[in-house]
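**Q** Required output: the full structure, derived from the provided sequences and hints.
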Amino acid sequence: MNLDALQRRFASAVTGVGHPDDFEARGMRVYANNYRGQLVMALRDTYAKTRLWLGDDDFDAAAGRYVDTHAPSSWTLDAYGRAFPDMLEADYPDDPDVSELAWLDSTLRDAFSGPDAEAIDPAMLAADDWDAVEFVFVPTLRFRSMRSQAVAIWKALADETMPPGPMRPDDQGESGVRVWRRGLSPQFASMDAHECACLDLALAGATFGEICALLVRRHGPTSVAAEAGALLRAWVADGLILRLRQG
Amino acid sequence: MPAKSLPAFHGFGLGLRVPHYDAFLATQQPVDFVEVVSENFMVDGGRPLDIIDRVRERYPVALHGVSMNLGSVDEVDAGYLRRLRRLAQRVDPLWISDHVSWTGIDGFQSHDLLPLPYTEEALDVLAANVSIAQDVLGRALVLENPSTYLAFADAMMTEASFLAALCERTGCYLLLDVNNIYVSATNHGLNPDDWLEGLPLERVRQVHLAGHSQGRDMLIDTHDAPVPDPVWKLYARFASRLGPVATMIERDDHFPPLGDLLDELQQARDIASAVACCAA
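Sequence order for the protein chains is A and B. Start counting the first sequence at 4; every next residue gets the next number (my numbering). Start counting the second sequence at 1410; every next residue gets the next number (my numbering).
It should be emphasised that the hints constitute simulated quantities derived from the structure, not laboratory data. Treat the hints with caution; some may be incorrect.
[Claimed, not checked] Which residues of chain A face chain B? A partial, calculated answer using Cβ under 10 Å:
no., residue
1, 18
2, 36
3, 166
[As the list claims (entries may be wrong)] Computed list of lysine to any residue pairs in SDA-like fashion (alpha-carbon distance at most 25 Å, straight line):
no., chain 1, residue 1, chain 2, residue 2
4, A, 158, B, 1457
5, A, 52, B, 1428
6, A, 158, B, 1428
7, A, 52, B, 1429
8, A, 158, B, 1427
9, B, 1642, B, 1653
10, A, 52, B, 1672
11, A, 52, B, 1454
12, A, 52, B, 1449
13, A, 158, B, 1456
14, B, 1413, B, 1434
15, A, 52, B, 1456
No residue lacks a Cβ here, since even glycine has one placed at the ideal position from N, Cα and C.
**A** What follows is the structure, encoded as structure tokens:
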């Protein structure tokens, strides 16, 4: 057997797909266990709060299903598990807290070692034509809408306090969450529906004027200046904005 | 292009892992160098790079990788090498090391050190990838013998003669993991004392000392336990033949207090000193 064939067959045997009889059984058992164990450990490491929420048995069962269906393809284990929240969403369709907690775990991990960037100094926040200003955000910023109370659950698990109870049918979950890194520390914050819509628009390259127009449609013209000002102050104070760009 | 030769460096160090970052940064620890896992710092930014910068201010650093995939029939990953080169430019390491193994093929990455058959074909593949990596990184690599759990019927060479041929072809250096030698030799029914036969000892730049576990059928290279007595004894016998060489304790799991690892490192120093006295 040439080396190409040997390595292909070895990879199949390690992942449990095929060709186990081509190799010494005792040794192959060690490699197969190492492979599986390493990947499950990586998932436990990245998804620590999800594991606490699900419990060890259910988490490891989910991790096992993921390993069975997702072969790693990157040199870095940090990339393994990127699709784990999606799998959990399919596995727990009536419990969005599970996949949303996993998204938060994963996104905070990405922010931890994401690109460095220094947010704009609030004192330097000036523009000739605010209507035409576009926002450039720090590169670690990510956001998503939420159906559950995953943010509150994550905080409670981190603080070792009592997580919120199950949502009642008329409860509103958190509308959304944003994740970013400030200095060396990953951060996250809940967002209401208006901020979600505005951030979505801003990340798509909308100008401040277009964001204000959205707020007018949602709130009416009376309070738009106060709403837009509060939003901008929060984004700057939280270190989300890298710089302003005149559109 | 021939690989640049590495300057000599003798000393005693530790593998630096997360639980001990603070201790290494708070106080100057009694080590001559530290070794870090390259991939943990081949990131875009954030705390890992802040830590490696501050560690480097205090200690010489060796970069030790686990994912270069040098033995694969796939050509070594150019993106990986670029990231590693960028890290090396930042850290100015003593050397860059990885393993005589393969980790994946055709887009699959096992994240484990998989064994190579000691054949001419595997040597051709490995040597070609080592040469590419050395060209991109602008330096000779230091390559480690992995623990192995199975052998291949068509092997034509011993592991030591395979490594000797690799050094000859590429100008690379060697990192001898004494625990891995003990584990592999025991698993394959070989005498670990014979392992150095045929090895170009002058190419050995570093020694790893670590622990292992007893698996169901064989010894497992877990690096999660103190260096056991048989590995210390093997190190003592090898040390007399290797002469002064950078030596470190490598612990990857079940981390004890830092003081325990420093005690183990002192044991390595004592053995090396005793061997040097006998040889003088």
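**Q** Identify every previously stated hint that the structure contradicts and give their numbers, smallest first.
**A** Of the numbered hints, 3, 10, 14 do not hold.
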